[in-house]
Amino acid sequence: MTDKKSGSPDLVAKFMADDAGAADLGPCAICGRPATPEYRPFCTRRCADVDLGRWLRGSYAIPAGRVDEDDESESSAREA
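If you read the sequence shown in our numbering, its first letter stands for residue 34, the second for the next number, and so on.
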């Protein structure tokens, strides 16, 4: 095997495999069980699907500032 600085594919793959097995992925974002690398940050596909369903139903929302109609028309006039 080559030295660590060379970045050879074999060496990189070895370190990635070591990290995947040893890394603490933390708890599942839905149920709290340990997360798995395949479904990170979830533990199973079921928990990932539950989260997706919450996004699709609108249970989650990304906060945004309120825009007045006057501000919106001014910004679109500047873009034109």
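Simulated from the structure, these hints should not be mistaken for lab results.
Hints are supplied without guarantee of correctness; some may be wrong.
Quick list of simulated restraints, FRET-style, between CB atoms [to be verified]: (1) D103 - P67: 16 to 22 Å; (2) C64 - I95: 33 to 39 Å; (3) E71 - V100: 37 to 43 Å; (4) A94 - L58: 23 to 29 Å; (5) P74 - A97: 44 to 50 Å; (6) T77 - R99: 37 to 43 Å; (7) C64 - A94: 20 to 26 Å; (8) S92 - Y72: 16 to 22 Å.
Note that the Cβ used here is the ideal one computed from N, Cα and C, for glycine as well.
Going down the list of hints, with the structure as the test:
Between D103 and P67 the C-beta distance comes to about 51 Å, which lies outside the given range of 16 to 22 Å. At about 23 Å, the beta-carbon gap between C64 and I95 misses the expected band of 33 to 39 Å. Under the hint 37 to 43 Å, the C-beta atoms of E71 and V100, about 40 Å apart, fit the expected range. Take A94 and L58: their Cβ atoms lie about 26 Å apart, and the range 23 to 29 Å holds.
Between P74 and A97, the C-beta spacing of about 24 Å breaks the proposed range 44 to 50 Å. Evaluation of the 37 to 43 Å hint for T77 and R99 yields a pass: the beta carbon distance comes to about 38 Å. The hinted window of 20 to 26 Å between C64 and A94 holds, with their beta carbons roughly 22 Å apart. Between S92 and Y72 the beta carbons are some 19 Å apart, a value that agrees with the proposed interval 16 to 22 Å.
Checked against the numbered hints listed earlier, the structure breaks hints 1, 2 and 5; every other hint is satisfied.
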